[in-house]
Each structure stands twice: as structure tokens, then as C-alpha cells.
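Here the protein sequences come in this chain order: A and B. Take the first sequence: its letter number 33 is residue 33 in the working numbering, and every next letter is one higher. Heads up, the working numbering is the position in the second sequence plus 1000, with the first residue counted as 1.
Honestly, the hints are just simulated from the structure, not real lab data. No residue lacks a Cβ here, since even glycine has one placed at the ideal position from N, Cα and C. Worth double-checking, as some hints may not be accurate.
Below, simulated DSS-like cross-link-like pairs (lysine-lysine); rule was C-alpha separation at most 25 Å, straight line [to be verified]:
hint	chain 1	residue 1	chain 2	residue 2
1	A	21	B	1260
2	A	69	B	1096
3	A	69	B	1017
Simulated coverage check for chain B against chain A, where a stretch passes if three residues somewhere in it have a Cβ under 8 Å from a Cβ of chain A [unchecked claim]:
hint	stretch
4	1002-1013
5	1268-1275
6	1298-1311
Pulled a few chain A residues facing chain B out of the computed Cβ check, cut under 8 Å [as the list claims (entries may be wrong)]:
hint	residue
7	22
8	23
9	24
10	36
11	39
12	40
13	44
14	45
15	52
16	56
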Amino acid sequence: MENDIAKTTLRIAEIIINELKLEDVTPETFDPDLDLVDEIGIDSMDLATIALVLRDEYGIRIDEDDYPKLTTVRIIAQYITDKSA
Amino acid sequence: MITVSSLLDDHWYARYKKISKLNIRSSIYDVTDRCNLRCKGCFFFSSGEHEVAKEETDITRWDAFIEKEMARGVNLAILIGGEPTLCMDRIEAFYKRLPTFCATNGLIKVDRDRFPDLMVGISLWGNPEDETTLRGKDTFKISSANYQGDPHTYYLYTITPKQLGKTEEIIKKIRDIGVKVHMQLLSNDEGVDGFSWQPRELVDIRSEMDDMLDTYPDTVISSKYYHEIITTGKMLGRPFGWMECPSVTEPIDKRDPRPKRLTNFIRWASDLQTMHRCCTSETRDCSTCKDGAAHMSWVMVNKRAHIKTTKDLQNWIEVYEMFAKLYQFIPW
Chain A
1 MENDIAKTTL
11 RIAEIIINEL
21 KLEDVTPETF
31 DPDLDLVDEI
41 GIDSMDLATI
51 ALVLRDEYGI
61 RIDEDDYPKL
71 TTVRIIAQYI
81 TDKSA
Chain B
1001 MITVSSLLDD
1011 HWYARYKKIS
1021 KLNIRSSIYD
1031 VTDRCNLRCK
1041 GCFFFSSGEH
1051 EVAKEETDIT
1061 RWDAFIEKEM
1071 ARGVNLAILI
1081 GGEPTLCMDR
1091 IEAFYKRLPT
1101 FCATNGLIKV
1111 DRDRFPDLMV
1121 GISLWGNPED
1131 ETTLRGKDTF
1141 KISSANYQGD
1151 PHTYYLYTIT
1161 PKQLGKTEEI
1171 IKKIRDIGVK
1181 VHMQLLSNDE
1191 GVDGFSWQPR
1201 ELVDIRSEMD
1211 DMLDTYPDTV
1221 ISSKYYHEII
1231 TTGKMLGRPF
1241 GWMECPSVTE
1251 PIDKRDPRPK
1261 RLTNFIRWAS
1271 DLQTMHRCCT
1281 SETRDCSTCK
1291 DGAAHMSWVM
1301 VNKRAHIKTT
1311 KDLQNWIEVY
1321 EMFAKLYQFI
1331 PW
């Protein structure tokens, strides 16, 4: 289970890096507790784009009302794991 | 990777934290189709928007409509017109439910017993001479008497090319009655002879606006980056226009690619059913639009684009703070 969350965390970091075209960072060096809104300026449009990729990859739908809660990669990974269970 | 905290010192980071989670979701409402003035250059009448829809007069329908708007996530109601103060019951319907801003020409006083902290923005088009030319009377004389010393009021000073070199006299008058002022520019296509901006004039007015901010920082609510954006029409090298504007009504926004935009933004006509295309008139040429709120929002929704250098991010913070002050999300 822990292994799954770790894998999901890395994959989400990778998706965010790719979608937002972030430079000088890899999935491994991405701080999973970094506040995505406060620190890299992610907004609801970015989250909607990321949510589409996650839906395709994990087969889960992220409710728009949940966006404000999804503030870090770790929280998103836990959210996906819980929804997939 | 560049992060906000890597770009800001403690002072700027503290300022950033005060606004970073405000999550302002505004929409604009035409409260009425009527006005007690007919100003040359008012987009609402010059583009025929007052004839688009028949205004709803049943206040219970306004109540129900506003409830639906809140359920849609709106947390800031921007009331425009016509002249909203002709319909105080409709203003009250918004005011008792959510943060509300009311644009007005200031001729009718908002009763502070009924609306103690309603933010009021009074339109002003220049000195008495230009006010008379454009609006038929010197409205400042009346509005300043109505709102002197009011902490929940500011003047929305629309600067025209004829105001070049004269803005200080206006700012001083506003300072002297103890009210704040925010500056914006008249858009060129409002069809008023002699009131269209030329490129050289835009350079000059930017410098003048900067001077006013430096000289009267306690009165002028603005930022130099905003002055740059509004006078050059460019942000980070990108020109403003239809494909960049953040203030397009969302359900009818078919742009592809879709630019960064205001979430769930709608500008409603006063029949509570018709949606206008954007925050200003459909007849306006977007490439020369000078709408102040649209330009502020343009900066605000492009936050990530400003997380590149310290100066860019500080500029973004200053514009966001300006907007948050003008709509009372943070104090003056």
C-alpha cells in the first residue's frame, strides 16, 4: 500500500511537471509537501487540466469542489488512492 | 525550480500570504437599464446594451437569482447599470448576502444606515469642464457632498486625453474630501470626438499616473505595473485582446485555446437571463480596450507567468493587492 502511494506520488509529480512545463525539477526532487497554490501558483484551470490527465490514467473523477483541498502532491496521491480503493 | 518563497524576502512574502488564498470569484450585474445621466462615452448606452433586455422588477426574483449565483460560487457581486442607486432594493438583495461593490455616478447617496460598509465606486470623468462636456454637469460637486470622508467609497477616475497635465488638480480635490481614488483610461472606441488616445499621449499619461501614485500614496489606489499594462496594452510582452481577455462570460466563451480567465465569470443583463459577452460592450475593439478591471484581472489570472523573477512577482502582488483593496478583501 505504502509502495503504491509512493509510486502514485512520483507519477503525479511527473504529470504536474509535464503539464505545467516546470523547469529544473524531476519527479524525484519534487517536494511532495510543496503547496502547489502558494508556491508554484497553480490555479483552478491548471488543476482542471491535471484532473483530466489523472482521470484518464487512474479512471477517477476529481470533483471540482475538491480542488481547494488538493494543495500538495502528497494530498493528491492520497486522494487518488482513497478514491481507487 | 522557481517557487514563490525563493523569489521573495520576508516582507514581500508576508504581503503575498495575505492575498494568496483569497480566491475571489466575481460576476457583474446590470442592476437596471435606466440612468439619471446620459454620458457621452458610456459604453452601456453607446452600444445599445440598455435595450438588450427588459429589466426584472420583481424583487423576489432578484432574491432567488442571487441565491443561485452564490451556489455557483460567486463571492463578489459587482453592480453596474444603468445607475444602480435607482434601485436600492436590488442593491440590498445583493448586499445582505455577499460582498458587494456598487458603481455609481454619486448623484444619489447610498444610505449608510442601510448599507454601512457597501463599497461604492463613483465614476468621475475629469475636471468640471470635461464633466460638463461629457456628462452634462459637474457631478463631483454633488458626489463629493454625498460621500465626503466615507471610508467605503472611492472615485473611479476615468482619464481622457484632455486630462493630460490636469490629473493632479482632480486627485487633490479627492484627497481634500478624504476619499480614495483609482485611475483608469477611457477606451478609444466610445465615439467621443477629441477624446481618443494617441500613442504619445499614452506614454505621457503613464508617467503622470506614476507621479500621482508617488505624490499621493495615501489617496491613490494603484500600482505602476498596472499603469504600464493599461497604457501599453502589453503584459510580459503579450498584447491584450480577445484571445487574452480574462473577463469573457464563461458559458459563451468558445475561444480555443482558452486563455487564463476568471473562473465562472458572467456579466448578467438586468432581466437576469441574458448574458453579455464580457465586462464591457460587444462593440468594443478588444485590441484597444482600456477597461481597468479587465486589465487588472488579466494580471491576476496569470499568476504563474509572473513567478519568474522577483520583480515580476512583486508586480503581480501589487496589482492583486490593488484589486483586493478596491473590493474590500483587504483594508486600504
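Does the CB of residue 36/A sit less than 8 Å away from some CB of chain B? Cβ of residue 36/A sits 10 Å from chain B, so the hint is violated.
At least three residues with a C-beta closer than 8 Å to a C-beta of chain A: is that true for the stretch 1002-1013 of chain B? That given contact holds, which follows from 4 residues of the stretch 1002-1013 of chain B lying within Cβ reach (below 8 Å) of chain A.
Let's test the interface hint: is any C-beta of chain B closer than 8 Å to that of residue 40/A? 6 Å, holds
Can the hint on residue 52/A be confirmed by a CB-to-CB distance to chain B that is less than 8 Å? 13 Å, violated
Interface hint for residue 22/A, Cβ within 8 Å of any Cβ on chain B: For residue 22/A, the interface hint holds, since the closest Cβ of chain B sits about 6 Å away, which is under 8 Å.
Given the proposed pairing of residue 21/A with residue 1260/B, does the C-alpha separation stay at or below 25 Å? 16 Å, holds
For the hint on residue 39/A, does the least C-beta distance to chain B fall short of 8 Å? Holds, about 4 Å.
Claimed coverage, the stretch 1298-1311 of chain B by chain A - three or more beta carbons nearer than 8 Å: Held - the stretch 1298-1311 of chain B has 5 residues with a Cβ nearer than 8 Å to chain A, which meets the minimum of three.
When the nearest CB of chain B is found for residue 56/A, is that gap smaller than 8 Å? 19 Å, violated
For the stretch 1268-1275 of chain B, do three or more residues have a beta carbon lying closer than 8 Å to a beta carbon of chain A? With 0 residues closer than 8 Å to chain A, the stretch 1268-1275 of chain B misses the three-residue bar; violated.
Can the hint on residue 23/A be confirmed by a CB-to-CB distance to chain B that is less than 8 Å? 7 Å, holds
Under 8 Å is the threshold here; is the Cβ of residue 45/A close enough to any Cβ of chain B for the hint to stand? This hint holds: residue 45/A lies near chain B, its Cβ roughly 6 Å from the closest one there, short of 8 Å.
Checked against the numbered hints above, the structure violates hints 2, 5, 10, 15 and 16; every other hint is satisfied.
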